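If you want the building blocks of each chain, they are given just below.
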Amino acid sequence: MHQAMEKVPEGKLLKVKVDVFNKKIKSIEILGDFFAHPEECIKKIEDQLYGLDVPFEEKKIVSCLTDYIKRNDFQLIGIDPESIVRVLLKAISIAQDKEVKN
Amino acid sequence: LKKEIKWRVLPFEYNHGFMNMAIDEALSESVKKSGQPIIRFYGWLPSTVSIGFFQSLRDEVNVERCNALGITIVRRRTGGGAVYHSNSDEITYSVIGPVELFPKNIIDSYKLICGWVMDGIETLGVDCEFKPINDIVLTKDSKKISGNAQTRRDGILLQHGTILYNVNAERMFSVLKVPDEKIKDKLIKSVKDRVTCIKNISNVSRDMAYKKIQEGFLLDKMFTIETMSSEELTRAKELVKTKYSTDSWNYMK
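Chains as they are written, first to last, in the working numbering: chain V, 1 to 102; chain S, 1 to 253.
Same shape as in the complex, but just chain V (with noise of 0.2 Å):
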């Protein structure tokens, strides 16, 4: 998998790490010494943003992952959805510049 990371500002630290296949998010960690409530949100947020296509519209996703961490109730301390698809596009980035290479 590609990574990126981040310190976010006045947050934690944040990985992602990424596979894209096929202009598709194919596998996703998100990673870090955050904190979030309950445990298990980030495999949650990890599903939504798994299948994606890639490119996809960067304010688009963050308000849709802010919708869904809001309708659910989750907490988030340390990150934020913006920083999550800020390193995730990162990642992406790395990851789609080594297949070309490729």
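The hints are simulated quantities; they were obtained by calculation from the structure and are not laboratory data.
Hints may be right or wrong, so weigh each one.
What the hints assert, rightly or not - Calculated cross-link-like contacts (lysine to any residue; reagent style SDA-like; alpha-carbon spacing at most 20 Å):
1. S:K6 - S:G155
2. S:K6 - S:L219
3. S:K221 - S:F12
4. V:K7 - S:D135
5. S:K253 - V:S27
6. S:K131 - S:G155
7. S:K104 - V:S63
8. S:K243 - V:E40
9. S:K177 - V:K70
10. V:K43 - S:N250
11. V:K15 - S:K237
12. V:K15 - S:S56
13. V:K43 - V:D67
14. V:K70 - V:I94
15. S:K237 - S:E226
16. V:K15 - S:F12
17. S:K104 - V:F74
18. V:K15 - S:D59
19. S:K104 - V:D73
20. V:K15 - S:L57
21. S:K192 - S:M208
22. V:K23 - V:I94
23. V:K15 - S:G155
What the hints assert, rightly or not - Pair ranges (Cβ atoms, derived):
24. S:S190 - V:D53: 35 to 43 Å
25. S:S142 - V:N72: 22 to 30 Å
26. S:R171 - V:K98: 52 to 60 Å
27. S:R65 - V:N72: 48 to 56 Å
28. V:D19 - S:K6: 32 to 40 Å
29. S:E170 - V:D19: 16 to 24 Å
30. S:E215 - V:P55: 25 to 33 Å
None of these values were measured; they are calculated from a predicted model.
Think of the CB as a built atom: it goes at the ideal place given N, C-alpha and C, for glycine as much as any other residue.
Got chain V; can you put chain S on it based on the hints?
Structure of chain S alone, referenced to chain V:
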């Protein structure tokens, strides 16, 4: 916090890293049944690296080095970062209670419980303050002396945290992975600049530091000093076997 609450206090004891995390979970289940909150103090034997729930073990920990040094590695139920718990250099606590006893807002609840930890540290004659999200720093130099992590599950809040008695940055970075070996010296220096410990502020022994911290922690609280019940102990041992010692838990990410 209501004054009539009677806390169960489980005094300092050493445990294996797997057992420490299993005890936290077994006690959470027990609080779920009894409703009575618990404060426990403990150490790690042998020394242990604990990683946050959302971290990748292989990304964070130098497994081969830990194996060579006889250091246990365990994944926590709580988020947060990787911590090297030396058997001689820290005092660890857990606070476990029904969520209704604490502020609903997570940062506010960190602030409340960290306030008790601060009451403990301040018995050693030094001022400290809460630094959101989850740290306690000394007022005089803003250096970190305590890290804390919280989870809430089934109506039970668990917050555990460490208070540093001593820091060994070299050992820490020999067992935790650094993003780039070339900047390792820089990182060791930066830890020395950002992190402090009881030894830097007082001549007190660790045992005495623990006694005073417990005293401060329990100030204004009603409590009884207890031990774990045999049911709790049995459940903890079971959780070691089925969860905290397993690769499927520790290497989950």
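*List in ascending order the numbers of the hints, as given earlier, that are violated by the structure.*
Hints 6, 7, 9, 11, 14, 16, 21, 23, 25, 26, 27, 28, 29, 30 are the ones this structure does not satisfy, whereas the remaining hints hold.
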